[in-house]
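Use these hints to put chains X, C and S with the ligands onto chain U, whose structure you have.
Chains as they are written, first to last, in numbering that gives the first Met the number 0: chain U, 0 to 78; chain X, 0 to 78; chain C, 0 to 771; chain S, 0 to 251.
Just so you know, these hints were derived from the structure itself, not from any lab. Hints may contain errors.
Pairs of lysine to aspartate or glutamate residues, derived as EDC-like cross-links and limited to a Cα-Cα distance of at most 20 Å, are as follows [what the hints assert, rightly or not]:
1. X/Lys3 with U/Asp71
2. U/Lys3 with X/Glu25
3. X/Lys9 with U/Glu42
4. X/Lys18 with U/Asp46
5. U/Lys1 with X/Asp46
6. X/Lys3 with U/Glu30
7. C/Lys354 with C/Glu291
8. U/Lys9 with X/Glu42
9. X/Lys9 with S/Glu163
10. X/Lys9 with U/Glu44
11. X/Lys1 with U/Glu30
12. U/Lys1 with X/Glu30
13. X/Lys18 with S/Glu163
14. X/Lys18 with S/Asp195
15. C/Lys673 with S/Asp169
16. S/Lys54 with C/Glu327
17. S/Lys54 with C/Asp333
18. X/Lys3 with X/Asp46
19. U/Lys3 with X/Glu30
20. U/Lys3 with X/Asp46
21. U/Lys1 with U/Glu77
22. C/Lys418 with S/Glu132
In silico contact screen, one side only, chain U against chain C (beta carbon under 10 Å); selected entries [what the hints assert, rightly or not]:
23. Lys10
24. Ala11
25. Ala19
26. Asn22
Note that the structure is predicted; figures quoted are calculated from it, not measured. Glycine included, each C-beta is placed from N, C-alpha and C at the ideal position.
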Amino acid sequence: MKAKIIITPKKAVLDPQGKAVLNALEHMGYEGVQDVHVGRFLELELDGDRAALEPKIEEACHRLLSNPVIEDYRIEWED
Amino acid sequence: MKAKIIITPKKAVLDPQGKAVLNALEHMGYEGVQDVHVGRFLELELDGDRAALEPKIEEACHRLLSNPVIEDYRIEWED
Amino acid sequence: MSEPKITPELIRQHNLTDEEYQLILEQIGREPNMTELGIFSVMWSEHCSYKNTRPLLKGFPTRTPKVLVPAGEENAGIIDIGDGLAVAFKIESHNHPSAVEPFQGATTGVGGIIRDIFTMGARPICAVNSLRFGKLDSAEVRRLFRGVVAGIGHYGNCFGIPTVAGEVYFDECYEGNPLVNAFCLGVLRHEQIARGAAKGVGNPVFYVGPATGRDGLAGAAFASQDLTEESAEQQRGAVQVGDPFMEKLCMEACLELLATGAVAGIQDMGAAGLTCSTCETAARGGTGIEIELDKVPQRGPGMSPYEIMLSESQERMLIIVHKGREDEVKRIFDKWDLPWAEIGHVTDTGQMVVKHHGEIVADLPAAKLADEAPIYHREAAEPAYLKETRAFDLNSIPDTEDPVTDLNALMAWPTIASKNWVYRQYDYTVRNGTIVHPGSDAAVVRVKADSLPLLPDDAPNRNEPVSEKYLAMSVDGNGSYVYLDPYEGGKIAVAEAARNLACSGAVPLGTTDNLNFGNPHNPELFWQLKEAVRGLADACSHFEAPVTGGNVSLYNQNPKGAIDPTPTVAMVGLIEDPAHITTQWFKNEGDLILLLGDPVDKGDVFQGLGGSAYLKVKHQLKKGLPPRCDLSKEKSLHDALRGWIAQGVVHSAHDCSEGGLAVALAESCISREKARHTSELIGADIHLKEVPGSRLDALLFGEIQGRIVISISPVYLGKVLGQAEILGLPVEQIGTVGGQRLSIKVGERSFEWGLESLHDSWFNTIDRMMQD
Amino acid sequence: MSTTATDTAPATPAETGQGSKFSFGVLQFPGSNSDQDCVNAIEVLGHEAHYVWHKDDQLGHLDAVLVPGGFSYGDYLRAGAIARFSPVMQSLAEFANNGGWVLGICNGFQILCEAGLLPGALIRNRSLQFRSEFVHLATVNHGTPFTRAIPEGALMRVPVAHGEGCYFADETTLSEMEANGQILWQYATADGKVEDHANPNGSVRHIAGICNANKNVAALMPHPERACQGLIGSDDGQWIFRSLIEHMSAKA
Ligand SMILES: Nc1ncnc2c1ncn2[C@@H]1O[C@H](COP(=O)(O)OP(=O)(O)O)[C@@H](O)[C@H]1O
Ligand SMILES: [Mg+2]
Numbered sequence: 000m001k002a003k004i005i006i007t008p009k010k011a012v013l014d015p016q017g018k019a020v021l022n023a024l025e026h027m028g029y030e031g032v033q034d035v036h037v038g039r040f041l042e043l044e045l046d047g048d049r050a051a052l053e054p055k056i057e058e059a060c061h062r063l064l065s066n067p068v069i070e071d072y073r074i075e076w077e078d
Numbered sequence: 000m001k002a003k004i005i006i007t008p009k010k011a012v013l014d015p016q017g018k019a020v021l022n023a024l025e026h027m028g029y030e031g032v033q034d035v036h037v038g039r040f041l042e043l044e045l046d047g048d049r050a051a052l053e054p055k056i057e058e059a060c061h062r063l064l065s066n067p068v069i070e071d072y073r074i075e076w077e078d
Numbered sequence: 000m001s002e003p004k005i006t007p008e009l010i011r012q013h014n015l016t017d018e019e020y021q022l023i024l025e026q027i028g029r030e031p032n033m034t035e036l037g038i039f040s041v042m043w044s045e046h047c048s049y050k051n052t053r054p055l056l057k058g059f060p061t062r063t064p065k066v067l068v069p070a071g072e073e074n075a076g077i078i079d080i081g082d083g084l085a086v087a088f089k090i091e092s093h094n095h096p097s098a099v100e101p102f103q104g105a106t107t108g109v110g111g112i113i114r115d116i117f118t119m120g121a122r123p124i125c126a127v128n129s130l131r132f133g134k135l136d137s138a139e140v141r142r143l144f145r146g147v148v149a150g151i152g153h154y155g156n157c158f159g160i161p162t163v164a165g166e167v168y169f170d171e172c173y174e175g176n177p178l179v180n181a182f183c184l185g186v187l188r189h190e191q192i193a194r195g196a197a198k199g200v201g202n203p204v205f206y207v208g209p210a211t212g213r214d215g216l217a218g219a220a221f222a223s224q225d226l227t228e229e230s231a232e233q234q235r236g237a238v239q240v241g242d243p244f245m246e247k248l249c250m251e252a253c254l255e256l257l258a259t260g261a262v263a264g265i266q267d268m269g270a271a272g273l274t275c276s277t278c279e280t281a282a283r284g285g286t287g288i289e290i291e292l293d294k295v296p297q298r299g300p301g302m303s304p305y306e307i308m309l310s311e312s313q314e315r316m317l318i319i320v321h322k323g324r325e326d327e328v329k330r331i332f333d334k335w336d337l338p339w340a341e342i343g344h345v346t347d348t349g350q351m352v353v354k355h356h357g358e359i360v361a362d363l364p365a366a367k368l369a370d371e372a373p374i375y376h377r378e379a380a381e382p383a384y385l386k387e388t389r390a391f392d393l394n395s396i397p398d399t400e401d402p403v404t405d406l407n408a409l410m411a412w413p414t415i416a417s418k419n420w421v422y423r424q425y426d427y428t429v430r431n432g433t434i435v436h437p438g439s440d441a442a443v444v445r446v447k448a449d450s451l452p453l454l455p456d457d458a459p460n461r462n463e464p465v466s467e468k469y470l471a472m473s474v475d476g477n478g479s480y481v482y483l484d485p486y487e488g489g490k491i492a493v494a495e496a497a498r499n500l501a502c503s504g505a506v507p508l509g510t511t512d513n514l515n516f517g518n519p520h521n522p523e524l525f526w527q528l529k530e531a532v533r534g535l536a537d538a539c540s541h542f543e544a545p546v547t548g549g550n551v552s553l554y555n556q557n558p559k560g561a562i563d564p565t566p567t568v569a570m571v572g573l574i575e576d577p578a579h580i581t582t583q584w585f586k587n588e589g590d591l592i593l594l595l596g597d598p599v600d601k602g603d604v605f606q607g608l609g610g611s612a613y614l615k616v617k618h619q620l621k622k623g624l625p626p627r628c629d630l631s632k633e634k635s636l637h638d639a640l641r642g643w644i645a646q647g648v649v650h651s652a653h654d655c656s657e658g659g660l661a662v663a664l665a666e667s668c669i670s671r672e673k674a675r676h677t678s679e680l681i682g683a684d685i686h687l688k689e690v691p692g693s694r695l696d697a698l699l700f701g702e703i704q705g706r707i708v709i710s711i712s713p714v715y716l717g718k719v720l721g722q723a724e725i726l727g728l729p730v731e732q733i734g735t736v737g738g739q740r741l742s743i744k745v746g747e748r749s750f751e752w753g754l755e756s757l758h759d760s761w762f763n764t765i766d767r768m769m770q771d
Numbered sequence: 000m001s002t003t004a005t006d007t008a009p010a011t012p013a014e015t016g017q018g019s020k021f022s023f024g025v026l027q028f029p030g031s032n033s034d035q036d037c038v039n040a041i042e043v044l045g046h047e048a049h050y051v052w053h054k055d056d057q058l059g060h061l062d063a064v065l066v067p068g069g070f071s072y073g074d075y076l077r078a079g080a081i082a083r084f085s086p087v088m089q090s091l092a093e094f095a096n097n098g099g100w101v102l103g104i105c106n107g108f109q110i111l112c113e114a115g116l117l118p119g120a121l122i123r124n125r126s127l128q129f130r131s132e133f134v135h136l137a138t139v140n141h142g143t144p145f146t147r148a149i150p151e152g153a154l155m156r157v158p159v160a161h162g163e164g165c166y167f168a169d170e171t172t173l174s175e176m177e178a179n180g181q182i183l184w185q186y187a188t189a190d191g192k193v194e195d196h197a198n199p200n201g202s203v204r205h206i207a208g209i210c211n212a213n214k215n216v217a218a219l220m221p222h223p224e225r226a227c228q229g230l231i232g233s234d235d236g237q238w239i240f241r242s243l244i245e246h247m248s249a250k251a
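For reference, chain U alone in the conformation it holds in the complex (with noise of 0.2 Å):
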């Protein structure tokens, strides 16, 4: 089983790194791209009862693996 963490930077927050990646993708001449978001991804390959880990998982997003204050997370699942 598999949880697939994305975690962004908060819409208010800066994104610097973002800003970078666009102004590169427009001075190579890409075209049509509005905005971008650059995020951490977290692959964590699991073991057990998915119903047991869920709230363990979300807890360890809050704690630990995201940064509450200036990040927002989400978790898809796969089995």
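Okay, now just chains X, C and S with the ligands, sitting in the frame of chain U:
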């Protein structure tokens, strides 16, 4: 329209971040986590014709957004 | 989008008292609107107005003939270093933001202080930091420590400024309220000093740097429901995120622009961003300023005037340009791919006028806002706890029976242990100027031609060679001493900084200080502040190290109470000749070890144990009278040391601070780092005389002030002792350098430490504690 | 199968008969921060250095090009990833393909790898922390334009300052590089042992610096340009620049 790009280190490449997260999770008593991989997540907000954009974004992934020597990528499209 | 009505509730949320609100009504002769209320609230905050501390700060010595720009006049003071060159330096705190988000809090702290320096027209050449955390055995403290250090490193490393010195203390009083004080120093030629004044009616006002977002609005503690339709979270504002890359470009562009002569005034947007920069420049210029918010680059749609004016988005500057030279701004900022916008102009009305969608949203008297904030003479009362701490009798604790274990414990105590875990995360070699790296008493950097800002193409001195200068700096501040005796503690903070400079061979040029204290409304806490400032001021006068600027951070408390009052003092000194640059570690087998200053205070043999590291580590006590500081003795000691250094006599000099003589000796044996995992260890054989009535713990671990351990070649012994006698300075030979052990004999008793294990516990403790 | 660089290296502008004072270009990207240090080092050695702005594309007049350290474009995305697309990098590729001498340092190494001018890539330090410290470098191949003046067996004490300096290349590439003598420097202990303990970032085979198959493009993570004067801690870094100067003089 959005292109969501997930970039992960190739298997053969050291993933110290994954290791660190795995250790931290173990340390904090989270059980059932077998392995962790850490990568990057990019969200591109796009405007235009998807069929026309697809090959371009593919190319951008290959040329700029990922480094094929050390990374794999995959793209998910969302309307 | 209607602005809410001003209610008592709203006024209170803006941290304004009823009296202050009355004063606002008097100053503007009407009710302020929401935006104006916000503007007053930030301008009259302690951070911008110093309303609680201004009367105290008046006591600081601020002028000597070398001071070119004194404290308080501009963003940073400036001091002459000779040959037409000058330095600008300042320290600033980012304590509360770092408690909320350690990494970003620290980065934006570093970014802010670097901006203050290049705003003066100076090129920043090095950074220093002073940090306080709770005890390292708490996971939460480790998280904050890790985040802050990574943040400071990230900003400085990316920006390309070497972080060359600092200090870190761990004490439970800082739990939940870490202190993050960042210092930056820049250099410039006298004629390159830039001013933050809006001069020249009609001159255009430019905004340069990234777009304005809702960053840092939480500071204004404001939560009105119908200001915008955005989510509550966005209304609260977002944590400020630092972008060192952007700031590096911004600095290069600003220095390039300043070299053209097109700039009439320049000011960074720090706390209270656009508000503070517009009204302060107008106040300094004796002019008015008018801006249009529609022209301000904005990160998101729908920002209100209130939000735009109060945003603390980072890396932005306000530049007033001589009319007709607008194109130079555009050319240079386009070259650096930086956003710019012309947002207004200088007026002669004395008013700060802000327009939005064609309407006037603020119209306030600039000078009153900037300079006529209320001033408070707060009540001060000697704290009750002092009775108890002073009454502590050192006779109630037994003398040490096992100095070997005690020294090992002190060396491994995080406050004393090597901070290499910290500074190995800081680039300290960039700019090719760092001569003494972190790890000695004071850092030493050189000023060379490429340290200076650009000159105009037609400057007559453009190709003149620049004579190299050598600057030393140290930051110090022992909060426990200040807690136990604010006046003496304040003096000691300055004396220690000066002593560290003397050990490196430098003469003090000036001081910048950061006052980290508790709530000034509490008379006991205000007393601490008042007394400490008096101590700082007396000591700065004594060392002829005028205060060129600084920062006040009040309300530092956690639920258990206020932090220990912690003034951090950064002092900068000058070394004339590179041959005089001195480091703290022993170098040559056979050198003689001398102690400058008395081993113990003969009048009070326990002196130095009160408030000491030893008392905390061994007896878990923060009590007693801290050491006294005799300023004139200190000064003659420093002068004598510099004299011997100039005569080429001194091979190493290290002062005794936390942990006393034994720790200073041990550090002199083991602190020379040559490369990764490669320290050079060299032993010492010490013989101390027993002082009648004294105790072993006081002799080895007492922290009486005014002591320096030096090593010299044996041929100079007579010379040094002879000169010391003439000067009336207590100097004694206490041992020799050499061997593979540190051995200390006291009378008949003898103690020994292996260098490897001393080094291991000192060098690796923090690293080991952080491995989790 | 080792050939010396002098056999294989194509002509450089220096060969066309300039004096003995060589002209080095130092690229400047937005975010470069060791560019001044490179100029400083070259000047200490008595040669000329000129900044080349990232939007310029003229390199032909230069004898050698240094790609300096720093955080080009903030190192956003990946260190060096964005810089490689700037105009000057197109010219640099040409310059290198024509046999021009190119030395990348720190961020310069990252950029050259990203640009494909050198094999492999640089990833996060295994400690996940920035590392700033002096290291010792052992020279693996003394027979290149970048190493020829380094005394046999000598260790160079130079600083590192990077967060992403862990060199990676796959095994095939590494074996090829080794066979070609493209591994130039490895991290060593103070007594010359190449081992894990000495390695500040976790690089494969403790690699600190490499060159291309043609031996005219080299790069390393440590900063030799910050170690060219005893006053700032070491002058061992001079050997690398001296090698290049000696080589160019021999060719001139
Ligand atoms: N946060 C830090 N950043 C950089 N250098 C530091 C830091 N903390 C300590 N250091 C360095 O470690 C050495 C020892 O510091 P400290 O024990 O405070 O010295 P002292 O007691 O002489 O003031 C000094 O060279 C100091 O600059
Ligand atoms: Mg000291």
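Hint check:
1. X/Lys3 with U/Asp71: Holds, because 16 Å separates the two Cα atoms, which is no more than 20 Å.
2. U/Lys3 with X/Glu25: At roughly 18 Å apart (the allowed maximum being 20 Å), X/Glu25 and U/Lys3 satisfy the hint.
3. X/Lys9 with U/Glu42: Holds, at roughly 13 Å.
4. X/Lys18 with U/Asp46: Holds, at roughly 17 Å.
5. U/Lys1 with X/Asp46: Status violated; Cα separation ~32 Å.
6. X/Lys3 with U/Glu30: With a Cα-Cα distance of about 17 Å, the restraint between X/Lys3 and U/Glu30 holds, given a limit of 20 Å.
7. C/Lys354 with C/Glu291: holds, 5 Å
8. U/Lys9 with X/Glu42: Distance of about 13 Å is within 20 Å: holds.
9. X/Lys9 with S/Glu163: holds, 17 Å
10. X/Lys9 with U/Glu44: With Cα atoms ~16 Å apart, X/Lys9 and U/Glu44 stay inside 20 Å; holds.
11. X/Lys1 with U/Glu30: Status holds; Cα separation ~14 Å.
12. U/Lys1 with X/Glu30: holds, 14 Å
13. X/Lys18 with S/Glu163: holds, 16 Å
14. X/Lys18 with S/Asp195: Between X/Lys18 and S/Asp195 the Cα gap is close to 18 Å, so the pair holds against 20 Å.
15. C/Lys673 with S/Asp169: violated, 33 Å
16. S/Lys54 with C/Glu327: With a Cα-Cα distance of about 19 Å, the restraint between S/Lys54 and C/Glu327 holds, given a limit of 20 Å.
17. S/Lys54 with C/Asp333: Measuring from Cα to Cα gives roughly 12 Å; hence the hint holds.
18. X/Lys3 with X/Asp46: holds, 14 Å
19. U/Lys3 with X/Glu30: Status holds; Cα separation ~17 Å.
20. U/Lys3 with X/Asp46: Since the Cα atoms of U/Lys3 and X/Asp46 sit roughly 27 Å apart, the hinted pair is violated (cutoff 20 Å).
21. U/Lys1 with U/Glu77: Holds, because 5 Å separates the two Cα atoms, which is no more than 20 Å.
22. C/Lys418 with S/Glu132: holds, 13 Å
23. Lys10: Holds - the Cβ of U/Lys10 comes within 10 Å of chain C, reaching about 7 Å at its closest.
24. Ala11: Holds - the Cβ of U/Ala11 comes within 10 Å of chain C, reaching about 4 Å at its closest.
25. Ala19: Holds, because the Cβ-Cβ distance from U/Ala19 to chain C comes to roughly 8 Å (cut-off 10 Å).
26. Asn22: OK, holds: U/Asn22 within 10 Å of chain C, min 8 Å.
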